[in-house]
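**Q** Residues per chain, in single letters:
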Amino acid sequence: MSTAIIDIEHVVKRYEMGDEEVYALRDVSLTIGSNEYVAIMGPSGSGKSTLMNMLGCLDTPTSGKYLFNGANVAEMNDDDLASIRNKEIGFVFQTFNLLPRATSLKNVELPLVYAGVSAEERTRRAQEALARVQLSDRMGHKPNELSGGQRQRVAIARAIVTAPSIILADEPTGNLDTKTGHDIMNLFRDLWKAGNTVILVTHEEDIAQHARRIIRLRDGRIESDITNHNHA
Amino acid sequence: MNILESILLAFDAVRSQKLRSGLTLLSIGIGVFGIISATSIMGALQQAVNGQLADLGENSILIQRTPSINFGTNWAKMRRRKNITYQQAKEFRDKMASTNLIAISNEAPGYTIKAGQLSSNPDVTLIGIDDLYFAVNAVSVSSGRPITESEVNTSRPVVIIGQDIVSSLFPATDPIGQQVTIKTQKFSVIGVLEPKGGVMGQSQDNRVLIPITVFNKYYTWEWDASVDISVKATNSMLLPVTVDEATGIMRSLRNVKPWEENNFELDTNDALTGQFSGFTTALLVVAWISGLGALVAAGIGIMNMMLVSVKERTREIGVRKALGARKSWIVRQFLIESITLCQLGGLTGMIGGIGTSYGVTSLLRSFNMPSITFVFPLGTVIFSVVICTIIGIGFGLYPAWRAANLDPIEALRYE
Ligand SMILES: Nc1ncnc2c1ncn2[C@@H]1O[C@H](COP(=O)(O)OP(=O)(O)OP(=O)(O)O)[C@@H](O)[C@H]1O
Ligand SMILES: [Mg+2]
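Heads up: the protein sequence lines correspond to chains A and B, in order.
If you read the first sequence in our numbering, its first letter stands for residue 1, the second for the next number, and so on.
If you read the second sequence in our numbering, its first letter stands for residue 233, the second for the next number, and so on.
Treat the hints as calculated values from the structure; they're not laboratory data.
It is possible that part of the hints are untrue.
Pairs of lysine-lysine, DSS-like flavour, derived with a Cα cap of 27 Å [what the hints assert, rightly or not]:
no. : chain 1 : residue 1 : chain 2 : residue 2
1   : B       : 559       : A       : 87
2   : B       : 449       : B       : 415
3   : B       : 449       : B       : 322
4   : B       : 559       : B       : 543
5   : B       : 449       : A       : 142
6   : B       : 327       : B       : 489
7   : A       : 179       : A       : 193
8   : A       : 87        : A       : 193
9   : B       : 543       : B       : 250
10  : A       : 106       : A       : 65
11  : B       : 250       : A       : 142
12  : A       : 106       : B       : 543
13  : A       : 142       : A       : 87
14  : B       : 559       : A       : 106
15  : B       : 322       : B       : 489
16  : B       : 449       : B       : 314
17  : B       : 428       : B       : 415
18  : A       : 65        : B       : 543
One side only, chain B facing chain A, incomplete, derived with CB under 7 Å [said to hold, decoys possible]:
no. : residue
19  : 548
20  : 551
21  : 554
22  : 556
23  : 557
24  : 558
25  : 563
26  : 564
27  : 640
28  : 641
29  : 644
Distance windows between CB atoms, simulated [claimed, not checked]:
no. : chain 1 : residue 1 : chain 2 : residue 2 : range
30  : B       : 642       : A       : 101       : 43 to 49 Å
31  : A       : 79        : B       : 251       : 35 to 41 Å
32  : B       : 522       : A       : 21        : 54 to 60 Å
33  : A       : 204       : B       : 536       : 44 to 50 Å
34  : B       : 544       : A       : 70        : 39 to 45 Å
35  : B       : 642       : A       : 69        : 33 to 39 Å
36  : B       : 610       : A       : 128       : 21 to 27 Å
37  : B       : 536       : A       : 221       : 26 to 32 Å
If you're wondering where the values come from, they're calculated on a predicted model, not measured in any experiment.
Backbone N, C-alpha and C fix where the C-beta goes; we use that ideal spot for every residue, glycine too.
Please build the complete structure, drawing on both the sequences and the hints.
**A** What follows is the structure, encoded as structure tokens:
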């Protein structure tokens with residue numbers, strides 16, 4: 001296997017709700033190398049999104065260790081984390097998280113703004129990214145003028161626009177019909193073929209079958225972690 | 233792009249919270265308005281007084297129908313006072329025994345002086361004088377000669393011009409002997425005034441002097457036909473004597489009964505300065521304190537508005553942070569927003585303040601203070617831009633800091 005870019009050891013995420021404790025993750029250890037293609041599956045509430053947020057340097061574990069490219073995430077400051085999220089990671093949120101008042105184009109440009117890319121370059125790259133998700137004809141639309149599937153594709157375009165080495169996608173085909181879902185999976189496969197690491201959450205078996213490795217979570221623990229030999 | 237975007241976002245915030253922003257912007261407006269209008273009106277008054285003081289020589293008194301500065305006195309009463317006619321002034325001059333340095337003059341602002349193709353600024357002050365003007369006032373001729381008694385008596389069309397008019401009409405030629413036109417009348421230039429420089433940023437060299445007889449004939453209207461009399465005491469010891477004598481003669485010429493008050497103004501240089509500066513300082517202090525008070529209140533309003541804005545846009549901030557916005561970027565965005573809000577309010581106040589002071593100075597002018605002119609309060613405008621920026625930063629910092637330190641995951645989950 002290739003070198004590890006993600007290495008989590010005994011990670012626990014605990015929420016305190018009054019005097020009740022909720023464990024979203026209980027002792028999860030996981031290593032993901034560069035250019036892997038991983039699907040994370042599991043029932044609702046099993047901790048998939050929590051794990052993804054952690055991997056995406058958005059959330060921090062209650063206990064345990066997270067090494068990103070060998071560096072301890074717990075020791076990084078806000079700006080270091082912002083820089084990793086901006087440059088290394090493309091995140092597709094389960095709830096999209098688009099800016100409601102901005103057009104598709106502006107939404108996709110946003111990560112490039114923080115990367116300090118010039119205005120023209122930004123527009124050009126955002127247009128390219130939107131073309132890859134077949135949304136060239138919806139660049140001037142705001143999120144509330146788009147269908148659920150179209151919003152999802154804008155979110156995907158935003159995740160890939162910075163050409164990040166890792167794509168984290170939480171239910172990226174959840175709102176898509178089979179045909180569009182298939183197109184998106186082709187896109188992820190192309191990204192993976194191009195050398196990127198792709199990690200996606202899904203509860204659809206046939207989507208998971210695109211991946212090389214399938215991790216199943218249950219109650220905040222890894223239930224199984226298998227190599228998928230008959231990937232699509 | 234980022235700055236422009238942040239400015240547009242500020243307008244968005246104003247739009248989405250109309251009432252709150254309206255009130256906040258209003259209080260900034262009031263603060264800036266108070267400061268600007270007070271400073272600017274004071275500036276105009278000060279300039280008017282200083283102009284007169286600058287002319288009025290040592291040991292001199294100035295007799296006018298109405299005071300050059302008047303606060304709190306009944307305008308209606310002032311307006312009922314009869315003009316000091318040229319005739320009356322001449323009688324006064326003939327009766328005065330303690331001194332014979334008595335000059336009669338009258339002035340009107342807003343003239344354009346022309347020579348051939350060239351013309352001066354449209355705000356030249358035209359002053360009608362007699363031959364004693366230079367002896368009594370602290371004004372002198374630097375080249376050419378003063379106006380003579382016979383020129384006054386025979387209404388000769390001669391003129392002495394100030395340095396500003398020389399520069400605009402005769403930049404390369406010797407003005408002496410040249411012809412200028414004031415309205416319809418032609419004059420020949422016989423002298424140039426000694427430059428005096430500016431008082432309160434307003435040039436004292438922007439004027440021309442003609443014989444008062446000519447002035448009376450062509451350039452007076454009923455409302456400002458009243459002349460000014462300047463009297464110079466022989467020496468400082470005799471000043472009180474001269475004041476008493478002048479008062480007595482004026483009272484008898486104007487038929488003031490012993491129990492009535494003077495129906496004219498008689499001021500010495502010192503009295504004028506003292507009266508005025510006490511009043512203006514008090515007014516300025518009040519205006520500044522209340523203005524700054526309003527600005528601080530406005531600052532708190534801005535802070536509140538920004539905090540609401542941060543709360544309403546929690547998810548947006550979460551998205552931005554998730555996509556890699558650094559803290560400094562978020563801080564900057566919110567600061568630009570609060571500065572924009574402040575400037576918006578400041579601008580409103582500035583326009584209001586400048587408008588008001590323009591109105592007030594015009595009004596004062598029509599109420600027999602012809603020497604008052606509107607002074608654009610450039611310094612104060614700059615000050616208000618600066619203070620609005622400081623308030624924007626000062627009161628925007630805490631909300632901006634709150635926004636920048638939001639936890640991205642919690643912010644994204646915020647409903
Ligand atoms: N902020 C929070 N406070 C309290 N509990 C939380 C919080 N976030 C997540 N949880 C809990 O952690 C558990 C895991 O949540 P998570 O969102 O990771 O599930 P998931 O596997 O993504 O589910 P789904 O398939 O429905 O998206 C859930 O039981 C949830 O209630
Ligand atoms: Mg989830």
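**Q** Confirm or reject each hint.
**A** Each hint tested on the structure:
Distance check on the hinted pair: residue 559 of chain B and residue 87 of chain A sit about 16 Å apart at the alpha-carbon level, within 27 Å; holds. Straight-line distance between C-alpha atoms of residue 449 of chain B and residue 415 of chain B comes to about 13 Å, which keeps the hinted pair within the 27 Å bound. About 16 Å separates the Cα atoms of residue 449 of chain B and residue 322 of chain B, which keeps this hinted pair within 27 Å; it holds. With a C-alpha separation of about 17 Å, the suggested pairing of residue 559 of chain B with residue 543 of chain B holds against the 27 Å cut-off.
Between the alpha carbons of residue 449 of chain B and residue 142 of chain A the distance comes to roughly 75 Å, so the proposed pair goes past 27 Å and is violated. About 19 Å separates the Cα atoms of residue 327 of chain B and residue 489 of chain B, which keeps this hinted pair within 27 Å; it holds. Restraint check: the Cα-Cα separation between residue 179 of chain A and residue 193 of chain A comes to about 21 Å, which is no more than 27 Å; the hinted pair holds. For the hint pairing residue 87 of chain A with residue 193 of chain A, the CA-to-CA distance comes to about 20 Å; that is within 27 Å, so the pair holds.
Restraint check for residue 543 of chain B and residue 250 of chain B: the C-alpha separation of about 17 Å stays at or below 27 Å, so the hint holds. Proximity of residue 106 of chain A to residue 65 of chain A is assessed by CA-CA distance (about 36 Å); at most 27 Å being required, the pair is judged violated. Proximity of residue 250 of chain B to residue 142 of chain A is assessed by CA-CA distance (about 24 Å); at most 27 Å being required, the pair is judged to hold. About 22 Å separates the Cα atoms of residue 106 of chain A and residue 543 of chain B, which keeps this hinted pair within 27 Å; it holds.
Restraint check: the Cα-Cα separation between residue 142 of chain A and residue 87 of chain A comes to about 25 Å, which is no more than 27 Å; the hinted pair holds. The suggested pairing of residue 559 of chain B with residue 106 of chain A holds, with an alpha-carbon distance near 21 Å, which does not exceed 27 Å. As the CA atoms of residue 322 of chain B and residue 489 of chain B are separated by approximately 22 Å, the hinted pair is consistent with the 27 Å bound. Simply put, residue 449 of chain B and residue 314 of chain B have alpha-carbon atoms about 19 Å apart, close enough for the 27 Å limit, and the pair holds.
A threshold of 27 Å between alpha carbons decides the hint, and for residue 428 of chain B with residue 415 of chain B the separation of about 26 Å falls inside it, so the pair holds. Between the alpha carbons of residue 65 of chain A and residue 543 of chain B the distance comes to roughly 32 Å, so the proposed pair goes past 27 Å and is violated. Interface hint at residue 548 of chain B: satisfied, since its Cβ lies 6 Å from the closest Cβ of chain A, which is below the 7 Å cut-off. Taken as an interface hint, residue 551 of chain B checks out: its beta carbon lies about 5 Å from the nearest beta carbon of chain A, inside 7 Å.
With its C-beta approaching chain A no nearer than about 6 Å, residue 554 of chain B sits inside the 7 Å limit, and its interface hint holds. Given hint, residue 556 of chain B at the interface with chain A, holds; its Cβ is 2 Å from that chain's nearest Cβ, closer than 7 Å. The closest approach between the C-beta of residue 557 of chain B and any C-beta of chain A is roughly 5 Å, which is under the 7 Å cut-off, so the hint is satisfied. The beta carbon of residue 558 of chain B is positioned within 7 Å of a beta carbon in chain A (closest approach about 5 Å), and the interface hint is therefore held.
Proximity of residue 563 of chain B to chain A is violated relative to the hint, the smallest CB-CB distance being about 12 Å (cut-off 7 Å). Hint status for residue 564 of chain B: violated, given a least beta-carbon distance of 12 Å to chain A, over 7 Å. With 7 Å as the threshold, the beta carbon of residue 640 of chain B comes within range of chain A, its nearest partner Cβ sitting at about 5 Å, so the hint holds. With 7 Å as the threshold, the beta carbon of residue 641 of chain B comes within range of chain A, its nearest partner Cβ sitting at about 5 Å, so the hint holds.
Because the closest C-beta pair between residue 644 of chain B and chain A is about 6 Å apart, less than 7 Å, the hint holds. Between residue 642 of chain B and residue 101 of chain A the Cβ separation comes to about 22 Å, which falls outside the hinted range of 43 to 49 Å. Range check, residue 79 of chain A to residue 251 of chain B: about 37 Å between beta-carbon atoms, so the 35 to 41 Å window is met. Our hint of 54 to 60 Å for residue 522 of chain B and residue 21 of chain A holds, since their Cβ atoms are close to 57 Å apart.
In this structure the supplied range 44 to 50 Å holds for residue 204 of chain A paired with residue 536 of chain B, their Cβ-Cβ distance being about 48 Å. Taking 39 to 45 Å as the suggested C-beta distance range, the pair residue 544 of chain B and residue 70 of chain A conforms, at roughly 40 Å. Against the hinted window of 33 to 39 Å, the Cβ-Cβ separation of residue 642 of chain B and residue 69 of chain A comes to about 26 Å, which falls outside the hint. Distance hint check: the CB atoms of residue 610 of chain B and residue 128 of chain A are about 51 Å apart, inconsistent with the given range 21 to 27 Å.
At roughly 47 Å, the beta-carbon separation of residue 536 of chain B and residue 221 of chain A lies outside the given 26 to 32 Å, and the hint is violated.
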